[in-house]
Structure formats: C-alpha cells, structure tokens
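2 protein chains.
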Amino acid sequence: MNANVQDVVVLLGDSITEFGWDPHGLAQRLAQAYARKFDVINRGFAGYNSEWVIPVFEQFFAKSQDQAHLPKVQLLAIWFGANDACFPHEPQHVPLDVFTTNLSKLVNYVKSPDSLYYSPSTRVVLITPPPLYLKQWNEYLAGVGEEPQGRSLDSSHRYAEAVKEVGKKEGVPVVDAWTGIWEAAGKVEEALRKYLKDGLHPNANGYAVVYDGLLKAIGESYPEIHPEALQSVFARFDEVLASQNLSKTLIKRNAFVTK
Amino acid sequence: MNANVQDVVVLLGDSITEFGWDPHGLAQRLAQAYARKFDVINRGFAGYNSEWVIPVFEQFFAKSQDQAHLPKVQLLAIWFGANDACFPHEPQHVPLDVFTTNLSKLVNYVKSPDSLYYSPSTRVVLITPPPLYLKQWNEYLAGVGEEPQGRSLDSSHRYAEAVKEVGKKEGVPVVDAWTGIWEAAGKVEEALRKYLKDGLHPNANGYAVVYDGLLKAIGESYPEIHPEALQSVFARFDEVLASQNLSKTLIKRNAFVTK
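Here the protein sequences line up with chains H and Y, keeping their order. Just so we're aligned, residue 517 is where the first sequence starts under the numbering used here, counting upward by one. Just so we're aligned, residue 517 is where the second sequence starts under the numbering used here, counting upward by one.
Note that these hints are calculated values from the structure, not bench results. Note that this is a predicted model, so its numbers are computed, not measured. Hints are not guaranteed to be accurate.
For identical chains, the list gives no copy identity; a pair is met inside one copy or between any two copies.
List time: in silico SDA-like cross-link candidates among lysine to any residue, alpha-carbon distance up to 20 Å [to be verified]:
1. Lys710 / Ala720
2. Lys588 / Val521
3. Lys588 / Gln575
4. Lys713 / His540
5. Lys768 / Pro571
6. Lys764 / Glu574
7. Lys553 / Val572
8. Lys713 / Gly659
9. Lys703 / Ser620
10. Lys553 / Glu574
11. Lys764 / Gln575
12. Lys713 / Pro539
13. Lys588 / Pro636
14. Lys588 / Phe576
When you get a sec, could you build the whole thing from the sequences and use the hints?
As structure tokens, this is what we get:
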C-alpha cells in the first residue's frame with residue numbers, strides 16, 4: 517500500500533482530538549508509542565459535535581467492500597461531548613438523547629454486521645469529555661475578543677456520564693477523561709488549570725491523564741494491540757545486526773507477534 | 517478509503533526520522549502544520565542506513581498500478597546519512613559512492629517513469645544529516661554502557677555534502693540540516709549541544725532548524741503544498757456555522773484550493 521504498510525489507530529473527535537498533535541498531546545503520545553507498529557490518524561475536527569461528524573464519518577471510513585486492500589483500522593477512539601454539552605442556545609449544542617444516539621450510531625457503524633461500514637477488525641473505545649472550567653474558558657474568550665459561552669462543569673459532567681452509559685449499552689470500553697482529570701485536580705475547580713490550557717482543552721498534564729487512561733483501557737480490553745504487545749513491522753536494528761540473511765530479515769512482518 | 521481520506525507526507529529515514537514523533541520533533545511539527553490537510557506518515561527506521569532501506573521501500577511504497585485508490589503521497593522527504601557516515605569498520609557504514617547511488621535510486625523509484633513505483637504526484641525533498649558531535653555522543657554511549665563508535669563531524673559533513681550533490685544531479689531540493697545546525701551553533705562544536713540531545717540526534721532546537729528549512733524548501737520548490745496554501749479537507753468550524761446547507765458544506769473537499 518502506498519506508504520501504508522502499517523495498520524492504523526484512528527482518533528475521531530472535536531478540537532480536543534485535533535489539537536492532539538500538539539507536543540505532549542494525545543495523538544503525539546500515541547504516535548510515539550505505536551511508532552513502526554501502527555500509524556496514528558487524527559480525525560479531530562475543531563468545533564464539531566457528534567451530529568456534524570456523522571456525514572463526515574460516512575465519507576472517511578471505508579465501506580466494507582473497500583476495506584480489504586486498505587490499512588486496517590485496529591482501534592477507533594471516539595471522543596465527543598465537549599461541544600455537544602454547550603447550552604441549548606449555542607449552535608454547537610446537541611440534546612443529550614441525540615448525543616447518545618449519535619455515539620451509538622458511530623459505534624455501530626463499525627461494529628454492526630448490518631452496517632455498510634462494518635469493520636470486524638476495528639476495536640472501539642469511547643472517551644468522555646474533560647471537565648469544563650468556565651472561569652478559565654471565559655478568560656480565554658475575553659482574551660481573544662470573543663463573547664462568553666454557555667457551557668458549564670455540570671453540563672460537561674452530564675455528557676461524560678452519558679458516554680459511560682453508551683459504553684455499557686454497546687459493550688465498549690470507556691476512558692473516563694472527565695473523572696480522571698477531576699480527581700487529579702482534587703475535585704477543586706480552580707485546580708483544573710493544572711490540566712486545562714484554556715478551561716476547555718487539555719494541556720500536557722490533561723492529555724497525560726487521558727493517554728494513561730487509554731493505554732490502561734487498551735491493556736484491559738484489547739491487550740493484543742497494546743503497544744508493548746506488538747512488534748515493529750520491519751526488523752529492529754539489533755535484529756538487522758544479528759541477521760545471517762538480510763533479505764529475509766528485512767521482509768515486512770505482521771505487527772501482531774505470532775505465538 | 518479506510519480513514520485515509522487525506523493525502524500524505526511520508527518521512528523516510530533512520531532514527532532521526534523515527535524519533536520525530538517526540539514532542540517538538542519533525543514529524544510532530546509537520547503533523548500539527550498539516551492537520552486536516554495531509555496525514556504525516558513516519559517511515560523512520562532506527563539504526564538503518566541507505567542500503568537496508570532499499571528493500572524496505574520496495575515493500576511499503578505502492579507500485580504504480582496500485583496507487584489509484586490509495587492516498588496520494590504528495591511529499592516524500594528522504595533523510596539518510598547519519599548512520600551511513602559511520603567509519604568503515606562499523607556495521608552501519610555505507611561507502612560514499614554507494615550512499616549517493618542509493619539516494620539516487622530512492623529518488624528515481626518515484627520520479628522515473630520507468631520505475632515500478634513511479635508516482636507522478638510525489639514531490640521529493642532530500643535532507644542532509646546533522647553535524648555529529650562525537651564527544652557528546654560518546655558520553656551518551658558511555659552512559660548506557662556501550663562502546664565508543666567510529667563517527668566524526670568531518671564524516672557527517674562529507675555525507676551531507678554528498679546529499680547536496682545528489683539533489684543537484686536529480687533536480688530535487690535539499691534541506692541542508694548539517695549547515696543549518698552548524699551555523700546556528702556558531703560553527704563551534706561544543707555549542708552543538710544546544711541542538712543535539714546526544715551528539716547524534718537533534719533535540720527540539722535541532723528539529724526546529726530542520727522544520728523551518730523544510731517549510732522554506734516546500735514554499736520555494738512546491739508552494740502548492742505549503743500548509744498555508746491548502747484548505748482543510750472537511751469544512752472549518754466557521755464555515756459550518758455560516759452554512760445554509762449543512763449536508764453540502766460537510767462534503768469532503770480537495771485539500772488543494774481550486775482557483
């Protein structure tokens with residue numbers, strides 16, 4: 517495949533996912549952990565909610581009949597809720613029941629044998645939105661000359677809890693970023709500044725909590741794709757050095773180690 | 517395509533490329549710059565030289581007849597020389613004439629219409645190896661309990677100059693990482709510590725020099741794929757907000773803006 521000899525991890529979400537290419541962001545950390553094993557594909561769309569991403573998903577995820585010769589999506593992480601949880605008068609708002617329906621729809625796009633996008637090789641994980649610190653977010657908005665927004669810690673919590681319900685219903689593991697960051701901050705709003713760069717988006721500390729939670733979830737639910745369980749697709753340097761037959765040693769391998 | 521709706525930038529090289537997923541590394545910086553436009557695929561192989569990567573290239577880069585339905589490689593950056601420049605008694609050493617032949621071979625794999633891997637959409641750029649600071653590198657090796665290696669600043673310079681010759685011969689732009697870092701260090705060996713993390717691999721400052729040089733080369737030789745010349749494949753948030761027809765606004769676009 518065109519430079520795509522590695523299977524992939526797909527991160528689907530809003531700006532919190534898109535900005536994961538920042539140094540110490542979620543995508544950067546995963547790309548480093550999966551280097552030479554899986555490629556990390558960032559499908560984060562700043563500003564989007566679970567509603568707008570549905571037609572987008574239908575265009576970027578291959579239909580079943582087209583998947584055979586394409587890199588397999590070994591893991592799909594779905595991380596929405598931060599924008600959906602805006603108050604009803606905000607354009608990004610998605611009602612809670614529609615939000616959970618959308619998440620179920622995304623999960624079943626790949627998990628349901630009846631779906632056009634059915635992908636039996638794709639493991640799914642859901643991530644809850646982080647806790648929202650309104651004071652810090654409105655400070656940020658004021659700093660860039662924008663109006664305050666209708667968001668709240670409580671609303672982010674309700675959407676996070678809803679993600680956990682979807683996980684239970686669909687039988688999919690959930691990384692509870694909300695609780696992870698909230699507890700790391702000692703359940704004190706002002707202490708959220710240590711984990712959020714602007715009240716809405718995680719900083720390096722916040723992404724670290726989510727990364728650790730994701731790796732833990734992978735280890736528990738999908739241990740076969742934990743980075744430490746995989747081998748590099750092409751031989752490591754020490755294997756090259758020890759090789760008696762370089763042309764054989766340099767043949768592409770499956771990242772999954774054959775037992 | 518399976519999560520591969522974006523065209524790609526491929527980074528081909530040794531550990532200096534592989535470690536580009538570090539925070540502030542070359543791959544991380546490019547992934548951030550090209551977010552929602554091109555995906556960045558890291559094909560860095562720690563320890564490898566320009567010889568061992570030939571059979572690897574033949575396995576990961578699609579043959580011409582298979583390219584049509586795969587993400588297009590819009591840019592291929594080739595960055596070797598650091599290991600090739602080891603002294604002749606070291607297993608990674610590649611003689612200078614073989615090194616330049618290998619680089620020409622890699623370039624022509626994609627640029628020659630006679631090649632099985634001919635890819636007319638792929639622009640190529642070469643990067644020279646960074647200056648080697650032997651004192652710092654041997655300190656690093658001693659720290660991890662390994663023997664000193666046969667490398668030198670002078671040898672890294674000769675291989676860097678050879679990359680520039682290949683660029684001229686093949687008509688391909690060259691990012692001169694060697695000179696860029698050497699001049700940034702005021703042409704003082706001890707000052708290379710500011711740009712190298714261990715005498716061999718760039719740190720954040722070193723990668724910044726290379727990233728700036730690469731973006732400059734892209735702007736000069738391939739301005740149509742400079743990140744600022746491209747649009748996001750899916751609509752930006754402000755376009756979504758202003759949309760009168762969401763289903764139309766959310767249709768995938770070409771990253772190249774139609775004039």
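Against the structure, the hints:
1. Lys710 / Ala720: within (9 Å within a copy, 23 Å between copies)
2. Lys588 / Val521: Answer is both; intra-copy 10 Å and inter-copy 14 Å each pass.
3. Lys588 / Gln575: both (16 Å within a copy, 17 Å between copies)
4. Lys713 / His540: For Lys713 and His540, both the intra-copy (12 Å) and inter-copy (18 Å) Cα distances are at most 20 Å.
5. Lys768 / Pro571: For Lys768 and Pro571, the Cα distance is within 20 Å only across copies (10 Å; inside one copy 35 Å).
6. Lys764 / Glu574: between (40 Å within a copy, 14 Å between copies)
7. Lys553 / Val572: between (27 Å within a copy, 14 Å between copies)
8. Lys713 / Gly659: within (13 Å within a copy, 36 Å between copies)
9. Lys703 / Ser620: neither (29 Å within a copy, 59 Å between copies)
10. Lys553 / Glu574: between (26 Å within a copy, 18 Å between copies)
11. Lys764 / Gln575: between (39 Å within a copy, 13 Å between copies)
12. Lys713 / Pro539: Classified as both; 13 Å inside a copy, 17 Å across copies.
13. Lys588 / Pro636: within (10 Å within a copy, 26 Å between copies)
14. Lys588 / Phe576: both (13 Å within a copy, 15 Å between copies)
Hint compliance for this structure: hint 9 is the single one not met.
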